[in-house]
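Chains as they are written, first to last, in this note's numbering: chain A, 64 to 306; chain B, 64 to 306.
It is worth saying that the hints were derived from the structure and are not from the lab.
Among these hints, one or two may not hold up.
When chains are identical, the list treats them as one kind, so a pair holds in a single copy or across two.
[To be verified] The list that follows gives simulated cross-link-like pairs (lysine to any residue, SDA-like), each with its CA atoms no further than 20 Å apart:
| # | residue 1 | residue 2 |
| --- | --- | --- |
| 1 | K262 | S123 |
| 2 | K262 | N119 |
| 3 | K262 | R272 |
| 4 | K267 | D224 |
| 5 | K171 | I270 |
| 6 | K267 | Q240 |
| 7 | K267 | D102 |
| 8 | K262 | I294 |
| 9 | K150 | D235 |
| 10 | K171 | L253 |
| 11 | K262 | N185 |
| 12 | K150 | P227 |
| 13 | K150 | Q121 |
| 14 | K150 | M244 |
| 15 | K150 | I230 |
| 16 | K267 | E252 |
| 17 | K262 | T149 |
| 18 | K171 | F125 |
| 19 | K150 | G193 |
| 20 | K150 | R280 |
Since we're looking at a predicted model, the values are computed, not measured.
2 protein chains.
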Amino acid sequence: MNDPCVILVNPQMGENIGAAARAMFNFNLRDLRLVAPRDGWPNEDAQRNGAGALENMQISIFDTLEEAIADLHFTLATTARPRDMTKCVYTPRGAVEAMQTRSGSGAKCGLVFGGERAGLYNEHIALCNGIITIPTNPDFSSLNLGQSVLLLCWEWLSAQDNSPAAILQTGDSFPAQQAAMEELFQRLELELEHGGFFKAPDLKPVILRNIRNMFLRAEMSDQELRTFHGIISALIGKKKRPD
Amino acid sequence: MNDPCVILVNPQMGENIGAAARAMFNFNLRDLRLVAPRDGWPNEDAQRNGAGALENMQISIFDTLEEAIADLHFTLATTARPRDMTKCVYTPRGAVEAMQTRSGSGAKCGLVFGGERAGLYNEHIALCNGIITIPTNPDFSSLNLGQSVLLLCWEWLSAQDNSPAAILQTGDSFPAQQAAMEELFQRLELELEHGGFFKAPDLKPVILRNIRNMFLRAEMSDQELRTFHGIISALIGKKKRPD
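Bound conformation, chain A alone (with noise of 0.2 Å):
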């Protein structure tokens, strides 16, 4: 799988590279390309906001978009404005799938951001295969282009990414098997029997049902369990001494 560069036409403050930098780095992205940035290149602001990634990736500087995506297969522009362009417009989610799917085949995909103050003219737009705009709060919608770039990065990331949406993390410890789970309800059952819990006898499976989901809902670990048994130990202990 290619991954893709990301392109910066016209940015004005150094500042701003350094952090589509480190969000590139973040997210495993390696190959910027710079559309004559307005202070030059190297840039000491970019350098100190960009934390150690630049060292870490390689970046070009070009004088035209053209140039800087001559060697592309696919590019998508960034743009919050609609254009009169037909054209199609990209999700963020999309985007990326649709450059997975080139990708896949080989292709080297370009996502374009314009500078700070107008973005992307059409004349950069036309040159693109397609759109990208983000979703936001239409009454607060402007982005940097530090947090675009960071976001178009991640989404490149989370679909390469795999693994699985929610893990339980259990330490050393195991998940508790069913039949742990089944002697400590026996035991509690039990326990709950001599302490007079179930006033009235018809309501007893019910009840029992309700407990069982609660404990199960927990989903303990063995270590977990062994604590819940001396709990039991300790309360029946604890309610002894009284009598």
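Position chain B against the provided structure of chain A, taking the given hints into account.
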């Protein structure tokens, strides 16, 4: 659907509080809770970097995390470091799914973030229902506070957003209908035949199929179809002129 709130525990720099607020408001979240901000509240740097977001949000200050989350039902703590605790660890997308499920049944959820220097302590994490870890490049994993908040708020908004992954924006024009495309193909074939384009007659069907595929992939609009008819006319004229 209840939107989640964002809780910043011991945030240090006002600038980052402002950035977090801006990121929330960009993606339509409005309940920001601060636990013992280092420099007190209100904070000038936060105000300046909040760029108009703070005024549109509900901001509350608490002494402890316990108080800040007292009215919530499901809280997730963001942390980069694995902790020795039996807790569910979510990806950002998994976290948003888990919160959606709860919000859907009326629960109020919270996203808890630690301060810049030390993050969340184990005592904070023990108060939460689960953990969120943002997958990053292991060699460059540090995201700042504002960026982490941005990323989670974005995931929340994009989970609510059901716009299609891509739309073909055709402006005032409409996509060309198949019959009109067919007419174009017929005309093109005729003109190519006249121009002596098909050198090897047995290859003609394959070549025509390839040409069709190329044009259908472009998904022309009505307007573009008319333009293309114009192109053919102009090329024929041009070709005829030298004769």
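Cross-check of the supplied hints:
no.	hint	in the structure
1	K262 / S123	neither (78 Å within a copy, 45 Å between copies)
2	K262 / N119	neither (70 Å within a copy, 54 Å between copies)
3	K262 / R272	within (16 Å within a copy, 81 Å between copies)
4	K267 / D224	neither (47 Å within a copy, 46 Å between copies)
5	K171 / I270	neither (61 Å within a copy, 27 Å between copies)
6	K267 / Q240	neither (25 Å within a copy, 68 Å between copies)
7	K267 / D102	neither (77 Å within a copy, 56 Å between copies)
8	K262 / I294	neither (23 Å within a copy, 90 Å between copies)
9	K150 / D235	between (53 Å within a copy, 13 Å between copies)
10	K171 / L253	neither (67 Å within a copy, 37 Å between copies)
11	K262 / N185	neither (77 Å within a copy, 41 Å between copies)
12	K150 / P227	between (35 Å within a copy, 15 Å between copies)
13	K150 / Q121	neither (30 Å within a copy, 39 Å between copies)
14	K150 / M244	between (58 Å within a copy, 19 Å between copies)
15	K150 / I230	between (40 Å within a copy, 8 Å between copies)
16	K267 / E252	within (10 Å within a copy, 83 Å between copies)
17	K262 / T149	neither (73 Å within a copy, 35 Å between copies)
18	K171 / F125	within (18 Å within a copy, 50 Å between copies)
19	K150 / G193	within (6 Å within a copy, 42 Å between copies)
20	K150 / R280	between (49 Å within a copy, 13 Å between copies)
In this structure, the hints that do not hold are numbers 1, 2, 4, 5, 6, 7, 8, 10, 11, 13 and 17, in rising order.
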